[in-house]
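Asker: Each protein sequence line maps, in turn, to chains A and B. For the record, in the first sequence the residue sitting at position 265 is 322 according to the numbering used here, with numbers rising by one throughout. For the record, in the second sequence the residue sitting at position 68 is 125 according to the numbering used here, with numbers rising by one throughout.
Bear in mind the hints are in silico, worked out from the structure with no lab data behind them. Don't take every hint at face value.
What the hints assert, rightly or not - Calculated pairs, DSBU-like style, for lysine-lysine (alpha carbon to alpha carbon, straight line, at most 30 angstroms): (1) B:90 <-> B:351; (2) B:86 <-> A:60; (3) A:236 <-> A:351; (4) B:351 <-> A:271; (5) B:60 <-> A:60; (6) A:278 <-> A:263; (7) B:278 <-> B:263; (8) A:351 <-> B:236; (9) B:90 <-> A:90; (10) B:60 <-> A:90; (11) A:86 <-> B:351; (12) B:351 <-> A:60; (13) A:236 <-> A:271; (14) B:271 <-> A:351; (15) B:90 <-> A:351; (16) B:351 <-> A:351.
There are 2 protein chains.
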Amino acid sequence: MSKLVECVPNFSEGRRPEVVRAIVAAGEKCGVKILDWTMDGDHNRSVVTFAGEPEAVLEAALAMIREAAARINMEEHRGAHPRIGAADVVPFIPIGGVTMAECVALARRLGERVARELEIPVYLYEEAATRPERRNLADVRRGEYEGLKEEISRPERRPDFGPARMHPTAGAVVIGARKPLIAFNVNLGTDNMAVARAIARALRAKDGGLTFVKALGVELKDRHQVQVSMNLVDYERTPIYRALELVRLEAARYGVPVVGTEIVGLVPLDALLGSLEYYLQSESFSRDQVLEVKLNA
Amino acid sequence: MSKLVECVPNFSEGRRPEVVRAIVAAGEKCGVKILDWTMDGDHNRSVVTFAGEPEAVLEAALAMIREAAARINMEEHRGAHPRIGAADVVPFIPIGGVTMAECVALARRLGERVARELEIPVYLYEEAATRPERRNLADVRRGEYEGLKEEISRPERRPDFGPARMHPTAGAVVIGARKPLIAFNVNLGTDNMAVARAIARALRAKDGGLTFVKALGVELKDRHQVQVSMNLVDYERTPIYRALELVRLEAARYGVPVVGTEIVGLVPLDALLGSLEYYLQSESFSRDQVLEVKLNA
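Same shape as in the complex, but just chain A (with noise of 0.2 angstroms):
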């Protein structure tokens, strides 16, 4: 099996499609498989996803920071979501023949190359961080673009890589690896916000819930429903049958019944099969029976 990185890098633009289109393009010329990408205006930001070997997704990310530094000016961007950089954060996902270590490697070498080629400042978060106090993204993003602005030069704010100020219109970048991230979703049999809001309280980490469980409660206002977002950030430790069946019967407790739940976005096969196999009681299953797995083995 070939090695197999793939890459999620968040842009601070959501509103011109042509300045996106460059930045994919850019990456798309470095030999990387380009999957999928979205905008949002309210938000102002886009996400790309493209994976390849691991050297083409290094150069494929430099090239798309690159041209993002080039075309978008952080003075200006104004967006509903917390960002400190044109090219905001940028993190390697281990998918196939690769270790987290390996991603992390990758990590460094991109974020010392930025800072030296591009002389922006360069932030190392989740698994390649190098303090624990830099783990989590939004405290590395705390006071956004402005506020970073202000505070890099204090000691404890100082970037990873690169000069310990902004850069003049593409501010900073965070780099970084994680484990793949499972959006998914469970939509309520009612309208009560303040059963979707118990529930996902009951299931995320911070308030005792499952480790690897992020949670939030989401109003349906069009469907008179609500639902209990979740992010799955380790779905071989908190696989998603867990998440489903422990709001299930979060949900029983208020008579209220799960009518439907959505992946959102890509999910890697491991983890809809390690699922399947919960809920089949399989005794003994491999990936190379899946006949389309052994046929591109």
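Here the structure of chain A is known, so what remains is to put chain B in place on it, guided by the hints.
Answerer: For chain B alone, coordinates are given in the frame of chain A:
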């Protein structure tokens, strides 16, 4: 998506690995991908699974039948499994970008060439059958090699292609087209064979169960358990989850739990995703959301 046909020929040789290897090699030369091959000494039979573009699969099947005919003598063949020829059964299965009608056409073209080039009588079965009474493989194979040899000249047993006499060493061959078959076993927390048999009857089509399920009770002596062993012959219309949950429902009547299940051999991704969508109550899920599917697209 390119056109993809699977072929799962069965050969009357399960004791001489060099013969099976030669048969496999003859097919492999035609540019198909060998996915699996297994031998069974008691049955004196082997099963090969391969896939590829339709024309390559046709040539590979022909080459394997030719090789089997040259190396297997049905006059000397003994084994526990019913059979009528050296190459005994050759089904084509639509896997991707191919209709059942195309697989039926492929089966007929192969039948015509086997008859003409190898002088082996050919029967068409399942979706490729020319008469309703030949759809079912067991009916075509009635009397086995020895019995068919006597009856082949009778009008009702005349082959679809080729001479109305057995090939002196290779016998006859059954060629056809069918949907993918899933071998799915459910293990029960009891050693009571009466329970396994009763559940198998409740599940299988011919006794009032699910239309596309064949089921048998099987004893698992080493485990002191029994099993409902099923073939799901149309997973789109009778999916895995429905068979499993119906076994569970029937077993509950006897206070017997499902202790585990197994899928034997290869299974199409869509069959797995379809059942997972049931358990997750998915409102919208597309196979394009599977990262690996998207990557290979």
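Asker: Against each hint, give a clear statement of whether it holds in the structure.
Answerer: Here is what the structure says about each hint:
{"no.": "1", "hint": "B:90 <-> B:351", "in the structure": "21 angstroms, holds"}
{"no.": "2", "hint": "B:86 <-> A:60", "in the structure": "29 angstroms, holds"}
{"no.": "3", "hint": "A:236 <-> A:351", "in the structure": "25 angstroms, holds"}
{"no.": "4", "hint": "B:351 <-> A:271", "in the structure": "26 angstroms, holds"}
{"no.": "5", "hint": "B:60 <-> A:60", "in the structure": "27 angstroms, holds"}
{"no.": "6", "hint": "A:278 <-> A:263", "in the structure": "27 angstroms, holds"}
{"no.": "7", "hint": "B:278 <-> B:263", "in the structure": "27 angstroms, holds"}
{"no.": "8", "hint": "A:351 <-> B:236", "in the structure": "18 angstroms, holds"}
{"no.": "9", "hint": "B:90 <-> A:90", "in the structure": "25 angstroms, holds"}
{"no.": "10", "hint": "B:60 <-> A:90", "in the structure": "23 angstroms, holds"}
{"no.": "11", "hint": "A:86 <-> B:351", "in the structure": "19 angstroms, holds"}
{"no.": "12", "hint": "B:351 <-> A:60", "in the structure": "16 angstroms, holds"}
{"no.": "13", "hint": "A:236 <-> A:271", "in the structure": "14 angstroms, holds"}
{"no.": "14", "hint": "B:271 <-> A:351", "in the structure": "26 angstroms, holds"}
{"no.": "15", "hint": "B:90 <-> A:351", "in the structure": "10 angstroms, holds"}
{"no.": "16", "hint": "B:351 <-> A:351", "in the structure": "16 angstroms, holds"}
Every hint from the earlier list agrees with this structure, and none is contradicted.
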